[in-house]
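J.: For chain A, the structure is supplied; the task is to place chain B on it using the hints.
As they're listed, the protein sequences go chains A and B. All residue numbers for the first sequence refer to our numbering, where the first residue is 424 and numbers rise by one. All residue numbers for the second sequence refer to our numbering, where the first residue is 424 and numbers rise by one.
No false leads were mixed into what you were given.
Straight-line distance between alpha carbons at most 35 angstroms, and here's what the computed DSBU-like set of lysine-lysine pairs gives:
| no. | chain 1 | residue 1 | chain 2 | residue 2 |
| --- | --- | --- | --- | --- |
| 1 | A | 549 | B | 698 |
| 2 | B | 566 | B | 698 |
| 3 | A | 698 | A | 549 |
| 4 | B | 452 | B | 566 |
| 5 | A | 452 | A | 657 |
| 6 | A | 698 | A | 452 |
| 7 | B | 549 | B | 566 |
| 8 | B | 657 | A | 698 |
| 9 | A | 549 | B | 549 |
| 10 | A | 657 | B | 698 |
| 11 | A | 698 | B | 549 |
| 12 | B | 698 | B | 452 |
| 13 | B | 549 | B | 657 |
| 14 | A | 566 | A | 657 |
| 15 | B | 549 | B | 698 |
A partial selection of chain A residues facing chain B, derived with a Cβ cut-off under 8 angstroms:
| no. | residue |
| --- | --- |
| 16 | 531 |
| 17 | 543 |
| 18 | 545 |
| 19 | 639 |
| 20 | 673 |
| 21 | 675 |
| 22 | 687 |
| 23 | 690 |
| 24 | 697 |
| 25 | 698 |
Chain A side only, calculated, beta carbon under 7 angstroms to chain B, not exhaustive:
| no. | residue |
| --- | --- |
| 26 | 488 |
| 27 | 495 |
| 28 | 692 |
| 29 | 694 |
In case anyone wonders, no lab produced these hints; they're calculated from the structure. Using N, Cα and C, we set each Cβ at its ideal position, and we do this for glycine too.
There are 2 protein chains.
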Amino acid sequence: MMRFMHPLDEAIDLRAFAQPNAPHEFTGKTHPAYANMVGPFGGTTTAQLLQAAMLHPERLGDPVALTVNFAAPVADGEIRFLARPARTNRSTQHWIIEAHQAEDVVATATAVFAVRRATWSDVEAKMPSAEPGPEALARMPVKGMPAWPQCYDMRFIEGAFPTAFDEQEQNHSRSCLWVRDEPERPMDFASLAAMSDSFFPRIYIRRRRRVPIGTVTLTTYFHADSALLAQVGKRHVLGVAKALNYRNGYFDQTGELWSPEGQLLASTHQLVYFKD
Amino acid sequence: MMRFMHPLDEAIDLRAFAQPNAPHEFTGKTHPAYANMVGPFGGTTTAQLLQAAMLHPERLGDPVALTVNFAAPVADGEIRFLARPARTNRSTQHWIIEAHQAEDVVATATAVFAVRRATWSDVEAKMPSAEPGPEALARMPVKGMPAWPQCYDMRFIEGAFPTAFDEQEQNHSRSCLWVRDEPERPMDFASLAAMSDSFFPRIYIRRRRRVPIGTVTLTTYFHADSALLAQVGKRHVLGVAKALNYRNGYFDQTGELWSPEGQLLASTHQLVYFKD
Numbered sequence: 424m425m426r427f428m429h430p431l432d433e434a435i436d437l438r439a440f441a442q443p444n445a446p447h448e449f450t451g452k453t454h455p456a457y458a459n460m461v462g463p464f465g466g467t468t469t470a471q472l473l474q475a476a477m478l479h480p481e482r483l484g485d486p487v488a489l490t491v492n493f494a495a496p497v498a499d500g501e502i503r504f505l506a507r508p509a510r511t512n513r514s515t516q517h518w519i520i521e522a523h524q525a526e527d528v529v530a531t532a533t534a535v536f537a538v539r540r541a542t543w544s545d546v547e548a549k550m551p552s553a554e555p556g557p558e559a560l561a562r563m564p565v566k567g568m569p570a571w572p573q574c575y576d577m578r579f580i581e582g583a584f585p586t587a588f589d590e591q592e593q594n595h596s597r598s599c600l601w602v603r604d605e606p607e608r609p610m611d612f613a614s615l616a617a618m619s620d621s622f623f624p625r626i627y628i629r630r631r632r633r634v635p636i637g638t639v640t641l642t643t644y645f646h647a648d649s650a651l652l653a654q655v656g657k658r659h660v661l662g663v664a665k666a667l668n669y670r671n672g673y674f675d676q677t678g679e680l681w682s683p684e685g686q687l688l689a690s691t692h693q694l695v696y697f698k699d
Numbered sequence: 424m425m426r427f428m429h430p431l432d433e434a435i436d437l438r439a440f441a442q443p444n445a446p447h448e449f450t451g452k453t454h455p456a457y458a459n460m461v462g463p464f465g466g467t468t469t470a471q472l473l474q475a476a477m478l479h480p481e482r483l484g485d486p487v488a489l490t491v492n493f494a495a496p497v498a499d500g501e502i503r504f505l506a507r508p509a510r511t512n513r514s515t516q517h518w519i520i521e522a523h524q525a526e527d528v529v530a531t532a533t534a535v536f537a538v539r540r541a542t543w544s545d546v547e548a549k550m551p552s553a554e555p556g557p558e559a560l561a562r563m564p565v566k567g568m569p570a571w572p573q574c575y576d577m578r579f580i581e582g583a584f585p586t587a588f589d590e591q592e593q594n595h596s597r598s599c600l601w602v603r604d605e606p607e608r609p610m611d612f613a614s615l616a617a618m619s620d621s622f623f624p625r626i627y628i629r630r631r632r633r634v635p636i637g638t639v640t641l642t643t644y645f646h647a648d649s650a651l652l653a654q655v656g657k658r659h660v661l662g663v664a665k666a667l668n669y670r671n672g673y674f675d676q677t678g679e680l681w682s683p684e685g686q687l688l689a690s691t692h693q694l695v696y697f698k699d
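Chain A on its own, in the form it takes in the complex (with noise of 0.2 angstroms):
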């Protein structure tokens, strides 16, 4: 009988390259469920590129700190990371990883990790209001979207993905969603990571016109320990995206992840490539 294993748990079961000389690298590949327009939704790279870190050997702690650089198009097969533990310090460690494809680098991260300890604690970001809940929302039809909407359940609030690209200009870009892996997946950093781009493009909610996007940089802070994304579950999160600027093709977008009991999981922050 054959068990059931969820697509992100597949796009992120890498294997260890096992080359004497060749110790941090380790090959995964393009997964057609978490499929874009062209090429993988880069949620899924991300959190590709955490796990080179996260399966390595030598890894000290959580993530608390992730940067990916979105070098160039990722094509549909095979990619090579390679994870480098630079620096590895009493209770926190810092790397550098790549991801590689023919002779080419397509993506550049790095990543802090570190063993917390129990401190002063405080949320002062004010939650954004949480209501109507998710059960008392429809999920977003996903119907004619690539792949990768399909494999997250939205229900938005606010700032929704437009029904239509009628090019009428809003006043703000913010959105406000519940959102959970579809199908149901208990939280983990990974696909903490992966939900942190998973924020359509604030251009479309903003100008309700479709425009050649990419993001080039996208940094992920993990405020989420494993223990509080244990409590978190497989239930929805509450997610809020805005952007601060846009200027000659590039534009910023930040967004912010919530535990149903208001805890800040993770804030997050890309930077995106538009022409218009």
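T.: For chain B alone, coordinates are given in the frame of chain A:
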């Protein structure tokens, strides 16, 4: 007659290491004007890492994003910088940069450079109130502080550095201030990169309590291009900073730097280790 050289220009005056097998190597050193309590101000190290890519003969365009990971304390003295263009496309370029002392990595960085094209542009974020202006405010007293704050002229509208660490916990950690290099210096990418790390640790503002802290990673998006920076010139810019979350040894802080005319020059995010 000796011409005055600004301490920041001295600090980023890196020398290409002319050895034929090390074409991407530059040497620099810590600058006493930017000393912190222990070692150098992270903003200066950030500017040096960026400068290693700026000075590289293969550099394309201007920086749009920079992430610096502070892997270990930087000792006073010489630093070797290794800048490598990991991928060069038609209009973007991705960098991996490392800082070494003795045999060890003390910082890693990635940067994205780009040739920008004119597009539809808009500032979506709300500029904080710019009143009163810098001429109506007193400069923050820097007597008794480490060297680096003496290299900035900071004039606080809100959320000043606490005059006493009286452990009176505040409701929030927001700051708003006018800031420029001291002595005056025309704004460029180096000063903008350094200034992005000039916001004092949010936990000091929030808790009014001295605790050991250290930035582990810093990401800055350069929304401004060279032309916009030239317009700013030597004037003060408006800075605003806040924290979102403090949890078990790490907090984040997020900042914005605005031109007096209301253009967003940079947005910046960092994750900071603390013990409390």
